[in-house]
Amino acid sequence: MSLDFGPATGLSCRECGARYPLGPSFACLECFGPLEAAYSFGAVSRADIEAGPANIWRYRSLLPVPEDVADKPNMNPGWTPLVKAGNLGRKLGVKSLYVKDDSANPTHSFKDRVVAIAVEAARNFGFHTLSCSSTGNLAGAVTAAAARAGLDACVFIPAGLEAAKIAMARVFGGRLIGIEGSYDEVNRFCSELIGDPMGDKWGFVNVNLRPYYAEGSKTLAYEIAEQLGWRLPEQIVIPVASGSQLTKIDKGFKELVALGLVEDTPYKIYGAQALGCSPVSGAYKAGHDVVQPVRPDTIAKSLAIGNPADGPYVLDIARRTGGAVEDVTDAEIVAAIRLLASTEGVFAETAGGVTVGVLKKLVETGQLDPDAETVVLNTGDGLKTLDAIADGAAPTAVIRPSLDAFRATV
Amino acid sequence: MSVSVRIPTILRTYTGGSAEVSGEGATLRDVLAKLDSDYPGIGARILDESGKIRRFVNVYVGEEDVRFAEGLDTVAPEGVQISIIPAVAGG
Chain A
59 MSLDFGPATG
69 LSCRECGARY
79 PLGPSFACLE
89 CFGPLEAAYS
99 FGAVSRADIE
109 AGPANIWRYR
119 SLLPVPEDVA
129 DKPNMNPGWT
139 PLVKAGNLGR
149 KLGVKSLYVK
159 DDSANPTHSF
169 KDRVVAIAVE
179 AARNFGFHTL
189 SCSSTGNLAG
199 AVTAAAARAG
209 LDACVFIPAG
219 LEAAKIAMAR
229 VFGGRLIGIE
239 GSYDEVNRFC
249 SELIGDPMGD
259 KWGFVNVNLR
269 PYYAEGSKTL
279 AYEIAEQLGW
289 RLPEQIVIPV
299 ASGSQLTKID
309 KGFKELVALG
319 LVEDTPYKIY
329 GAQALGCSPV
339 SGAYKAGHDV
349 VQPVRPDTIA
359 KSLAIGNPAD
369 GPYVLDIARR
379 TGGAVEDVTD
389 AEIVAAIRLL
399 ASTEGVFAET
409 AGGVTVGVLK
419 KLVETGQLDP
429 DAETVVLNTG
439 DGLKTLDAIA
449 DGAAPTAVIR
459 PSLDAFRATV
Chain B
11 MSVSVRIPTI
21 LRTYTGGSAE
31 VSGEGATLRD
41 VLAKLDSDYP
51 GIGARILDES
61 GKIRRFVNVY
71 VGEEDVRFAE
81 GLDTVAPEGV
91 QISIIPAVAG
101 G
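As they're listed, the protein sequences go chains A and B. Going by the working numbering, the first sequence opens with residue 59, and the numbers climb by one from there. Going by the working numbering, the second sequence opens with residue 11, and the numbers climb by one from there.
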């Protein structure tokens, strides 16, 4: 089997630096640390990137994918809007604010970015089935991408997910298995399935394909920098579930600097969690460098990972860059969803309520500089978490079709 | 107490390919010590130099993540299944 991962030359352990050949492996044999793609980049210019397609494949020379990736059947995610959020900025007192709106992806969450990379890895390794453990958004992204790529799908979710996420995951076909338990129990189940003959030739996008999959989040960093006119934002607020996305956005910014694509300007990275699942912000505030797992209880189900594998890296990055990790209550999440929608016309899922709510709190508590340019991420679509605002889902008034009846409502 | 220990793929080189082996001990600490004497070297893969569970390893006694229980001092009841699983992310 000849492998083609473009500029990626191997896997390296993020903990101890041990090197491994490219393969469907995810944990270091020496220390169990997470493996990630290692590269040998050629010369990459802004012009080359700008001439590429209006999706993540414009950055293919920075990703573990073959050069001809755009010609293969995949979901072509990315290049989502960076919304100049003047109204929201005025409400919060932030001078220059942008919302990176990743609900504009094909299955309406940022997960399409990571899955697209995992699909290329699955093709490379000759896998026939695409699988994952999911808090919901990933399940839909995987079943859709499998349908497009002509792979089988079998995905695993906690049984108590939002109805919209279940419907979305099922409509694309394949098998959707609800596990009685939390996401962390689903994750554990998948880790065991992977060592079992039943899981042979399966690509678990966030387990054995994770070193490839996780790299997809770097494209958020690339896009934000390019959309700002090839420079880094001064501050960015990112949701934290496993911590992988935040870790890879930092990696993406560093690569852009190393390749000379942007100037080396300082940036602060802020992590956002829901109070009902806040193991990382809890550790941050306590000054710890390891994360004590928690049992999640929050409406932000897409962030409900109680045992976040990349949590220690989130702590490292927030501290290194001068950012912070903060959390908000479920009520603050709902209020933030409404605030973002009513100021900018962006309907975020609960995870977007978490980032906007945390942004507000960071400003109010003086942890974030309101005069510095700030980007806040919305990673999913509000239509998937309608229950969160269901009490506001009735009309303002119901009237007879007469002008008098309408006048009476004013 | 005699228990069974599920071995993740990346540690099966120590157990001759076995996915599950039998173990013994009153606490998780004892079980891991016995495991290392049966399969020399495996202990250092699970515990770091200071004897703590490595930060990218999850260990379960039965259904319980031992970090919710008493860590290495978690009691291992007769016949319980102990699982050693690399931490993975995603969502």
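No lab work stands behind these hints, which were simulated from the structure alone. Treat the hints with care, since some could be wrong.
[Unchecked claim] Sample of chain B residues facing chain A (criterion: CB under 7 Å; computed from the structure):
(1) TYR24
(2) ILE63
(3) VAL67
(4) GLN91
(5) ILE95
(6) ALA97
[To be verified] Each pair of labels, with its calculated beta carbon distance range:
(7) GLY236/A x ARG22/B: 45 to 55 Å
(8) ASP83/B x LEU286/A: 35 to 45 Å
(9) ARG16/B x ARG228/A: 44 to 54 Å
Backbone N, C-alpha and C fix where the C-beta goes; we use that ideal spot for every residue, glycine too.
* At a threshold of 7 Å, is the proposed contact between VAL67/B and chain A supported by beta-carbon distances? -> holds (5 Å)
* **Proposed interface contact between ILE95/B and chain A, which counts if any beta carbon pair is under 7 Å** => holds (5 Å)
* Asked: Regarding the hint that ALA97/B lies at the interface with chain A, is the smallest CB-CB distance below 7 Å?
  -> holds (4 Å)
* To do: Evaluate the given range 45 to 55 Å for the C-beta pair formed by GLY236/A and ARG22/B.
  => violated (30 Å)
* Asked: Holds or violated: is the Cβ of ILE63/B closer than 7 Å to a Cβ in chain A?
  -> violated (10 Å)
* **GLN91/B as an interface hint toward chain A, with CB separation required under 7 Å** => violated (11 Å)
* Taking the CB of ARG16/B and the CB of ARG228/A, does the distance hold inside 44 to 54 Å? -> violated (31 Å)
* Could one say that the CB atoms of ASP83/B and LEU286/A fall in the range 35 to 45 Å? -> violated (51 Å)
* **chain A contact restraint for TYR24/B - C-beta distance below 7 Å** => violated (11 Å)
Hint check: violations occur at hints 1, 2, 4, 7, 8 and 9; the rest are consistent with the structure.
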